[in-house]
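A.B. asks: If you want the building blocks of each chain, they are given just below.
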Amino acid sequence: MLIQNIEIKEESDIVVSRRIVREISAELGFGIVDQTKLATATSELARNIYRYAGTGVVIVEKTSGPDGIKILFEDHGPGIEDIPRAMQEGFSTTPGSLGLGLIGAKRLVDEMNIDSEVGKGTTITLFKKLP
Amino acid sequence: MNRIPILKLQNILLVSIQIDPSDVTIQALQEDILKEISRTGAKGILIDISALDIVDSFMARTLRDCGVMAALLGATAVITGIQPSVAITLVDLGLDLSGINTTCDIDSGFEFLQANGKDQLYPYSE
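Chains as they are written, first to last, in this note's numbering: chain A, 1 to 131; chain B, 1 to 126.
No lab work stands behind these hints: they were computed from the structure. The model shown is predicted, which means the values in this text are computed figures rather than measured ones. The C-beta atom is built at its ideal place from N, Cα and C for all residues, glycine as well. Treat the hints with care, as some may be off.
Here are some, though not all, of the chain B residues that point toward chain A, as calculated from beta-carbon distances under 10 Å [stated by the list, open to error]: (1) M1; (2) S16; (3) I19; (4) D23; (5) P84.
With the hints as constraints, model all of the structure from the sequences given.
C.D. replies: Here's what the structure looks like:
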């Protein structure tokens, strides 16, 4: 079941996306810690879209069996060349960045999948099940 | 862009972040704080984030850097009021925030800065 699409076009959309994910996760019945984790993971990955692809979309879905939330981050940006390397803590192509975006987001959810093709784009899927 | 106000009380700068700040807003705050320290000669800077329900890696890094930069200008920074759910998330995220002074509320943050101003010659010494 589709709940909401959030376009990432400008920097302020990072804030918009994390606020919406927080609201939806609260409505779905996640507790305050899980709401915070989901919103924070969203903020990290929405920033990656804005930074590396320029534009993209965040799609928030409710899942059933198991009940939970699925959040997709889609862009048609440059893609990730070396996914295992991008998943290493401290790796970043941005100077001054902590390199915690991808690995950090993964730590905040139950599952994270990365589907990326160089020159085509990236889709990252997060899943967290309701307790 | 929203600008977050900076108040001065005695020789301490007070900041209360009451919006969910975008990256440019938090970066502008960092710059404004450093300018204010330099302009006023403030010895302490208190940043209250009790109203923040999301602190991601960018925001945390900017706040941490702000403390380090303030120390270079001779001021001690303290972050107050981190919500429990934010603390849990920051640790799960894998952020190393050692080196940041924190207290649970504004009162204790203010006391920390005043004690620090009296006792410590070098604001950032451990």
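A.B. asks: Would you mind marking each hint as holding or not holding in the structure?
C.D. replies: Hint-by-hint comparison with the structure:
Given hint, M1/B at the interface with chain A, holds; its Cβ is 9 Å from that chain's nearest Cβ, closer than 10 Å. Among the interface hints, the one on S16/B is violated; its C-beta lies about 18 Å from the nearest C-beta in chain A, farther than the 10 Å criterion. Interface hint at I19/B: satisfied, since its Cβ lies 9 Å from the closest Cβ of chain A, which is below the 10 Å cut-off. A least Cβ separation of about 6 Å between D23/B and chain A falls short of the 10 Å threshold, and the interface hint therefore holds.
Taking 10 Å as the C-beta cut-off, the interface hint given for P84/B holds, the closest approach to chain A being about 8 Å.
Hint violations for this structure: number 2 only, all remaining hints satisfied.
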